[in-house]
Amino acid sequence: MKKIFKSMAGMVLATTLAVGAQAATLKVAYDSDPVSLDPHEQLSGGTLQMSHLLFDPLVRWDQDMNFEPRLATKWERKDDLTMRFYLRKGVKFHSGNDFTAKDVKWTFDRLKSSPDYRAIFEPFADLKVVDDYTIDLVTRKPFPLVLNNATYIFPMDSVFYSGEDDKGQPKDRLVKHADTFASRNASGTGPYIVERRQQGVRTDYKRFAEYWDKQSPGNVKTITLTPIKEGPTRVAALLAGDVDFIFPVPPNDHDRINRSARSDLVTLPGTRLITLQLNQDRVEAFKDKRVRQAINYAINNEGIVERIMRGFATAAGQQGPKGYVGYVDELKPQFDLEKAKHLMKEAGYEDGFSITMLAPNNRYINDARIAQAAASMLARINIRVDLKTLPKAQYWPEFDLRSADIMLIGWHSDTEDSANFTEYLTACADEKTGWGQYNSGNYCNQVIDGMVRSANQETDMAKRAAILQDVERTLYEEAAYVPLHWQNLAWGAGKGVQAESVVNVMNFPYLGDLVVTQ
Amino acid sequence: MLFFLFRRLMQGLAVMSVISLISFSIQDNLGDPLREMVGQSVSEAERQALRQEMGLNDPFLVQYGRFMSRAVRGDLGTSYFFKEPALKVIMAKLPATLELVFGATLLIVLISVPSGVYCAIRPRSWLTRVILGVSILGISIPVFLTAIFCIFFFSIELGWLPSYGRGELVSVFGLWESGYFTKDGILHLVLPCFALASIMLPLFIRLIRSEMVEALHTEYVKFAKAKGLKKARVYFVHALKNTMLPVLTVGGVQIGTMVAYTILTESVFQWPGMGFLFLEAVHRVDTPLIVAYLIVVGGIFVIVNTLVDVLYGLINPTVNLARPAQ
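Protein sequence lines correspond, in order, to chains A and B. Letter 444 of the first sequence, counting from 1, is numbered 444 in UniProt numbering, and no numbers are missing. Letter 324 of the second sequence, counting from 1, is numbered 324 in UniProt numbering, and no numbers are missing.
Think of the hints as simulated: they come from the structure by calculation, not from any bench. Computed from a prediction, not measured in an experiment: that's the story for all the values here. You may find that some hints are simply not true.
Pairs of lysine-lysine, DSS-like flavour, derived with a Cα cap of 30 Å [unchecked claim]:
(1) A:27 with B:183
(2) A:392 with B:230
(3) A:289 with A:332
(4) B:183 with A:229
(5) A:27 with A:289
(6) B:88 with A:229
(7) A:229 with B:83
(8) A:322 with A:339
(9) B:83 with A:392
Please model the entire structure based on the sequences and the hints provided.
Structure, rendered in structure tokens:
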């Protein structure tokens, strides 16, 4: 019986491969879909994945977290406040218009009006057009992350988006969740053009014949993107050969994809940190550093990674992952039950106490199970946890209200930089600046905030790294929160899809450069 | 009859306004739609401004009043995600669901009637035992397990059938896109229809069998047999016709269950229909779409139940629903 299956599978495989050779098409299934063709409407993974297909940034990250020139060919620092970018010549938009500095300026101004991107571009005072192919990015204060933020500038075709659409609305109108011209039409310089789009069902992309990057080895002519929300369905579609490239692959299915004759698994260590925050305003005991340390010692990060994440995560002892400027190699996860018990005793909580805990159950990989494991680990130092998990839609309002003593949150740095973690997760809450917006632990240390502020104005990268490493060390010693792990990333790819060379830790695969053989 | 239909219409409208009120009042518990719409790092102040702009800060009655005044004009709100009128979005997905339900119903009828009749006529044969045994299994396996098993066996191992989606569609009179007219479309229909049918099949086989057994013991069937009528005529005309009334009743009630199970089936097979749309809308807290879906499904219920009652009268004229109760 098994033999029959195998030979049949072989036959099916042979036919699909023969078809694959004629047309370099790629069928992609992600778990989500961009909400709009407007790259400025929502700051999300889906939007950025789309932006890298339809538009092209000034610079982009490569796999080693270095900057790679795209529409900007080179850049230089003019002074403390100014970075000069030289733009690529001879680049065409999908509409046929020429790409020049005025498009970059136009895009920059639009970004500054976008609710989602405004905060990222807040440090910039202006973008000055020097000549047709030169621009200056000017910051208000000395600012070290100019290039990081330039990865978000995907120049749009200013001529294409000018004027009024058939409803009498300006074509450049940027409104969240409204039917605008830009949400349905796109003209960028990117490798692909949208041919057909049924929101939430499928999007067809076609390679742009006049794409400037002739060096790119990419040979994929058309891409169909289908969002498939259910993990098992997505995996089944890959195993059955109905799609060629999927993300994400649930940890339980890694073996199956690896074993299959039809598919490969591609993994990378990720940069999204999963943490627990201990609310000091709600629980008196959490104000005691020894209790916070005890909790850190009681939770076995490696154990959670091994058992619950099936080895598919990296146990964390700090916020920023390896490769980020603030990363400190010595800060390892702490696990020592005896020490934890001892610290609890020292703090006068030998008999423990009862607390509440809240976690999402459909936001991060295995989030609810991680929370359960952490709760049972805390029981061993007599902290009794009343755990409740909620779907993400209901979780965030509760999180905003800080409605439990311990809350779980994951964070990925928008700027791929260590300071971003502190700004959102561990800084003193400040409504005006937005710092500490996700600090449900209400941990507050002015010294750390000051250090991060100075790091954000330090353009000497070595000095800056030293400050941010100090921040990580201090948070570690203070046991300000409980770092759990960084989620790894996994893609499934059909044989012949050379995915390793185009995936990255930010999870926007550069499909324009993808090579499909056979 | 006209009076009956008119009364039904009034009842339907009452049911629908209750549904709208309930679904409208639960929307605060579904979560914050803004959270799904904006990036995570957007500040609370920005979100408040957007909330104000979208009218989400208004008191409940103001929001409900605004909704109702639009609803009577046929506007059930605009989906946050699709940026189109919610009703239009749902209607665009309706054909996919109807085709799925139609295929499943076809399978149920084609399989349950012959096997139910067979089991009644030959109660002791080995095939009867197999059919009844399998149908017990069918009742006890949840639909998503059946679906995942089907995908595993027929798509991954054998590679015969596609694992998700609707496949190649053709436009029928420009009215809807159908999968029933291409080979690829039909292949895509097989597994989801079977998975959806699998939950109802056992029920109908057993129901038809037991009703048929009862009918076979009635005097008129015995008389018909004694008269020397052809067996097929006795079974299929005399006996089967009289088993159909309870089957129809149950069928009408089961439509509701079917709607619920389409949600599961569509979600496993990534079937772009209404059920899948609804589940996604819940995940995205797309409240206008959720409310519109509940109202549309409520409407379908009312229509189907009315149709079943009308059919009742046609099959068995002694049931007169139009006459008011004495």
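Consistency of the hints with the structure:
1. A:27 with B:183: With a Cα-Cα distance of about 20 Å, the restraint between residue 27 (chain A) and residue 183 (chain B) holds, given a limit of 30 Å.
2. A:392 with B:230: violated, 65 Å
3. A:289 with A:332: Judged against 30 Å, a Cα distance of about 18 Å means the pair holds.
4. B:183 with A:229: With Cα atoms ~26 Å apart, residue 183 (chain B) and residue 229 (chain A) stay inside 30 Å; holds.
5. A:27 with A:289: violated, 52 Å
6. B:88 with A:229: Answer holds: residue 88 (chain B) to residue 229 (chain A) is near 23 Å, not above 30 Å.
7. A:229 with B:83: holds, 20 Å
8. A:322 with A:339: holds, 27 Å
9. B:83 with A:392: holds, 22 Å
Consistency with the previously given hints fails for numbers 2 and 5, ordered from lowest to highest.
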